[in-house]
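Novice: For the sequence shown, the positions run 1 to 488 when full-length UniProt numbering is used.
Wrong hints could be hidden among the right ones.
Quick list of in silico lysine-lysine cross-link-like pairs, DSS-like style, CA-CA up to 25 Å [stated by the list, open to error]:
(1) 172 to 66
(2) 294 to 345
(3) 345 to 309
(4) 271 to 309
(5) 397 to 247
(6) 247 to 271
(7) 247 to 72
(8) 271 to 321
(9) 99 to 450
(10) 247 to 43
(11) 72 to 43
(12) 172 to 72
(13) 294 to 309
(14) 43 to 377
(15) 459 to 469
Rather than coming from a laboratory, the hints here were simulated on the basis of the structure.
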Amino acid sequence: MSSQASKVRVSMATPDVIISSQVINLLRGAFHEGVLHSIASRKTALRAIVRMMEENEDAIMEALMKDLHRPKHETLEAEILPIILEANLMLSNIDAWTKDEYTQRTFLSVLDTTYIQREPYGMVLIFGSWNYPFLLVITPLIGAIAAGNTAVIKPSEFSPASSSLIAQLVHKYLDERVCQVLEGDVEFSQRLLKEERFDYIFFTGSYEAGRSVYLAAADHVTPVTLELGGKCPSYVDSSVSMTMAVKRILFTKLMNAGQTCVATDYILCHKDSMAALRETVCRILKEFLGDDPKESTSFSRIVNERHFKRLTHLLANTRGKILCGGESSEEDLYVAPTVLVNVPKDDVSMREEIFGPILPIVEVESAAEAIEFISSKNKPLAVYVYTDDANVFANFKHGTSSGAICQNDSCSYLLLSQLPFGGVGSSGFGNYHGRFSLETFSHKRSVHVKSRMEVIYEKFAYPPYTPEKLGWARWLLSSSERSSCTLL
């Protein structure tokens with residue numbers, strides 16, 4: 001280890017301009033020295049992440065209880081286990097996924113070797129979000145390390161217990177030349193983006209904050225992945241089991257008190273199913289959380305006072321009718337699971353992402369009306385279609401645009417590593433999970449090893465130019481476009 005590396009150990013320090021510059025210089029230098037050049041070194045770091053999560057379950061659960069009053073069950077299934085699964089998946093496949101990808105030969109390259117090399121960008125910056133503070137920094141970190149990058153993690157200051165624990169655990173388990181954590185507020189993040197240059201930025205958070213990151217990255221022409229939010233709709237019609245649909249919608253809507261970017265933001269219900277939905281949603285709410293959700297050990301709290309006031313202001317100003325719920329307690333940062341009916345399409349609850357346990361239900365005349373309404377809004381992270389009619393689902397697939405679309409389910413596609421997770425339009429761009437994480441943090445570099453034989457160049461390339469050479473050029477280039485050579 002270099003003398004510089006031995007002097008810089010700042011994961012748990014309060015960041016300032018000098019310290020952040022030292023961290024960045026250390027990580028950039030380590031990248032150029034090849035700290036993660038070998039696949040073996042990357043596997044060592046990935047195994048350390050697995051140990052970090054397995055050996056600190058209780059501490060992680062305690063931190064999220066402090067930040068969000070999060071039930072331990074939810075923390076285990078939504079953060080700890082998915083991270084372990086992601087790291088183990090990468091460990092099992094990294095050798096195959098990082099291999100050079102050889103391409104087919106054409107007439108122009110019949111004597112050559114051509115392939116795609118996946119090379120790391122360098123030193124990357126990962127911004128996390130407060131709602132799933134471990135998942136949303138460690139999962140992209142797995143992809144960054146697997147691709148061979150060193151990384152700076154910037155957790156959200158709105159989940160302070162989790163942010164502090166992330167800093168401590170990364171400091172303990174990962175080589176300081178591979179990854180370090182910088183904690184700070186919004187002003188610190190802005191200064192970091194302005195004064196330092198990164199080779200890649202991965203951001204999870206709100207549209208407004210993501211736009212600021214994107215603009216700052218543009219000053220350095222830094223590539224970016226933005227994982228943002230949006231209003232994810234669920235459509236429900238009479239062909240589906242209403243109990244099943246409501247259970248699956250509410251399961252993910254209630255998790256983390258609705259503070260989940262892919263949770264259902266509102267329901268579009270076919271008029272023929274409205275009565276059944278109204279009855280079922282209140283029944284299932286009671287089944288899940290009891291007569292008083294405030295006393296339930298299965299329900300989280302709102303992250304802070306600002307978000308609490310935002311949600312209670314929405315409830316105070318909606319033109320919808322409260323079907324069930326509506327209670328709140330500022331002292332406890334509690335907002336009851338609340339279902340709104342008779343909601344106009346231009347209601348305050350239909351303007352921006354709710355990001356809380358409030359669920360508006362809008363009645364529609366048909367699936368076509370629901371599709372038209374969804375398409376008139378910004379593109380969401382996901383569209384959920386609860387129907388057993390294959391034609392209806394096909395119409396939603398072709399008539400809407402979103403990061404994902406699911407039939408008869410909400411959110412569980414996040415656990416499927418064979419599918420990319422990401423948004424489109426205002427819900428973000430870029431994706432990750434599984435192999436897609438490694439691809440995100442890798443630059444696809446074209447490699448061409450040219451044959452020393454001159455026969456092709458002599459035929460058409462070198463001066464002096466003649467009609468015969470032009471004829472050869474036309475034939476070779478047109479043949480190359482039409483055909484691939486698999487003989488050699």
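Novice: Evaluate each hint against the coordinates.
Specialist: Evaluated hints:
As the CA atoms of residue 172 and residue 66 are separated by approximately 22 Å, the hinted pair is consistent with the 25 Å bound. With a C-alpha separation of about 30 Å, the suggested pair residue 294 and residue 345 falls outside the 25 Å cut-off, and the hint is violated. Taking the CA atoms of residue 345 and residue 309, the gap is about 23 Å. The hint holds against a cut of 25 Å. With a C-alpha separation of about 33 Å, the suggested pair residue 271 and residue 309 falls outside the 25 Å cut-off, and the hint is violated.
Among the hinted pairs, residue 397 with residue 247 is consistent with the structure: their alpha-carbon atoms are about 23 Å apart, no more than 25 Å. A distance of roughly 20 Å separates the Cα atoms of residue 247 and residue 271; the hinted pair therefore holds under the 25 Å criterion. At roughly 20 Å between alpha-carbon atoms, residue 247 and residue 72 fall within 25 Å of each other, so this suggested pair holds. Pair hint residue 271 plus residue 321 holds up; C-alpha atoms about 17 Å apart against a cutoff of 25 Å.
Distance check on the hinted pair: residue 99 and residue 450 sit about 20 Å apart at the alpha-carbon level, within 25 Å; holds. A C-alpha spacing of about 40 Å is found between residue 247 and residue 43, which places the hinted pair above 25 Å, so the restraint is violated. Using a Cα cut-off of 25 Å, the hinted pair residue 72 and residue 43 is violated, with the two alpha carbons roughly 29 Å apart. Taking the CA atoms of residue 172 and residue 72, the gap is near 23 Å; set against the 25 Å cutoff, the hint holds.
Restraint check for residue 294 and residue 309: the C-alpha separation of about 18 Å stays at or below 25 Å, so the hint holds. At most 25 Å may separate the alpha-carbon atoms for a hinted pair to count; residue 43 and residue 377 exceed this at roughly 43 Å. Using a Cα cut-off of 25 Å, the hinted pair residue 459 and residue 469 holds, with the two alpha carbons roughly 6 Å apart.
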